[in-house]
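Residue numbers (my numbering), protein chains in the order written: chain A, 58 to 388; chain P, 58 to 388.
Think of the hints as simulated: they come from the structure by calculation, not from any bench.
Bear in mind that the values here come from a model prediction, so they are computed numbers and not experimental data.
Watch out, some of these pointers could steer you wrong.
As the list makes no split between identical chains, a pair holds if one copy fits it or if it spans any two.
Unchecked claim - With a Cα cut of at most 25 Å, we get these calculated SDA-like pairs of lysine to any residue:
id, residue 1, residue 2
1, K91, I376
2, K204, A159
3, K91, E207
4, K91, A155
Single-letter residue listing:
2 protein chains.
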Amino acid sequence: MTNSRFDVLCLGNAIVDVIARVDEDFVTGQGLVKGSMNLIDEARAEALYSAMGQAIEISGGSAGNTAAGVASLGGRAAYFGKVKADQLGAIFRHDMRAQGVAFDTPSAEDGPATARSFILVTPDSERTMNTYLGACVNFTTRDVDRKTVEAAEVTYMEGYLWDRPEAKEAFKLAAQIARAAGRKTSITLSDSFCVERHRDSFLELIRNDIDIVFANEAEITALYETRDFGAAVRAISQDCPIAVVTRSEKGCVVVNGEELRESPAFPVNRVADVTGAGDLFASGFLVGYTRGKPLVEAARLGSLAAAEVISHIGARPEINLREHAQAMGLL
Amino acid sequence: MTNSRFDVLCLGNAIVDVIARVDEDFVTGQGLVKGSMNLIDEARAEALYSAMGQAIEISGGSAGNTAAGVASLGGRAAYFGKVKADQLGAIFRHDMRAQGVAFDTPSAEDGPATARSFILVTPDSERTMNTYLGACVNFTTRDVDRKTVEAAEVTYMEGYLWDRPEAKEAFKLAAQIARAAGRKTSITLSDSFCVERHRDSFLELIRNDIDIVFANEAEITALYETRDFGAAVRAISQDCPIAVVTRSEKGCVVVNGEELRESPAFPVNRVADVTGAGDLFASGFLVGYTRGKPLVEAARLGSLAAAEVISHIGARPEINLREHAQAMGLL
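Extracted from the complex, chain A is given alone in its bound form (with noise of 0.2 Å):
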């Protein structure tokens, strides 16, 4: 295996969100479940809009967080995705290479604009979040640069991106090249309803592609039709080498083949919104992971960062995580 480039590749759909506090009723009055993510139509998003507050731009979309994550962390991250040539767009890209992050898939000239992620956070500090994917529809296998994926010590994905077929095909493009090239490959389930939509599909990539799954308690249950828990962590480390399932404020447990070991979480003072916890765990964990640390330490790391990110609005680090956890001994 030759030097690695990068430490990170993240893949996923490039999304700007749009953040507004909202109260309980008007989720209910536009139908939503409270909590979950929702793909949206161009009309919808454009009738959500209106019936929206004030909201703030800022970039997003879950793999995105997570390579920006990994660049504050100081690792060396990359990302693929999709935005339209727009203002967006130019929002988007300009973001993550502020953050170090190598970006450089071209834009789409034509089609639908910039996606954009409609998030309403009610008091609570929940999120209920409603994507209309816009130009990531033009996420293709022509956009998975292979020398970049081979210059990355772990290749990872965002279920996401199981939503369009060509996303899907990309996504598997990606794992084939990483595994052949001797690297490492992840995956989040991202959402319970995205395991709900491709459950086999997931299963059968887990099973024979990837080496680390990353995964919260709803969507580990889900992707084995389960209510019991210890269950579903038995049956995720008889499928892959490594998963991290997170469960907020418990903490995570990581599965290594045998080995299960319980990591906690850092206390939050104040949660603001919880959006991009679970990406900037993984962010956490991967730099700890591709720095060779053990994998609890490297779960403490992934706690320091999600709790970093739930304290202010928005899914992105506000803060230098690098100097952040090397002050609490961690890096």
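Go by the hints and put chain P onto chain A.
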């Protein structure tokens, strides 16, 4: 005088703020004076943006912030300002309307993009603004809707408009229409450098066409070319019926002819970003004024609104200011 349809009509540069936290060295390295407002051209905007870290986008513009604050306090607000028909323009319009502000100035179909202000927030929470006026240069007398001006109790205008000759003409036309309709006019001096650029014509306007002047210490002393705050206050008391001079944490001085009254600032636990403090002070004062409250009580409302906006990033209120003011016994 017929019944009013609006309490406050605000005229200003329609700007989307692009806000990033930076260290002191970045401000110095970019050749900027901390705390200043700089007008920049498109090339400089691109260079600065490339050099900046990841940012958040949020609707801004001085008088736009004031209009949003008026609406948040339960006042009837309208706004005149020019965006382009682009994504940032759509965001600006959405945020204005979502806050309940009537905003019907047509978007420019051609010409420069919607204006942006690159706001650099240093660790001391001070902000250094770099504004690319973009589409604002297309704001002209044609955008002054006579019926709306005649229907507003107070027409409030930002001094920044003076930086463009067409906008200055629009500003003057609005003041004339308001006065002819028996309404009140108000101006904020905006920025001490803005005052330096336009001192003579500001003084002429204030002496002839303005009922209520908002300024801070630096602006009022710049206007009268003195270092003596008391002398500047005495001078403004001769030049217009009402002046409110804000002094950050020292509160403000309300000048009403011969009468001078001081009003304290509201305490703030943690100042996060001073952007918008003066804009939101004007919101509160004008809502109190149009409800016929004593001027010192109107100033307390201003202080309350300013305290909220500096407690977080961004220059628009994050909470319902009306409920907040009611809870504090001010409305």
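Do the hints match the structure? See the list:
| no. | hint | verdict |
| --- | --- | --- |
| 1 | K91 x I376 | between (28 Å within a copy, 21 Å between copies) |
| 2 | K204 x A159 | within (13 Å within a copy, 53 Å between copies) |
| 3 | K91 x E207 | neither (40 Å within a copy, 45 Å between copies) |
| 4 | K91 x A155 | between (32 Å within a copy, 22 Å between copies) |
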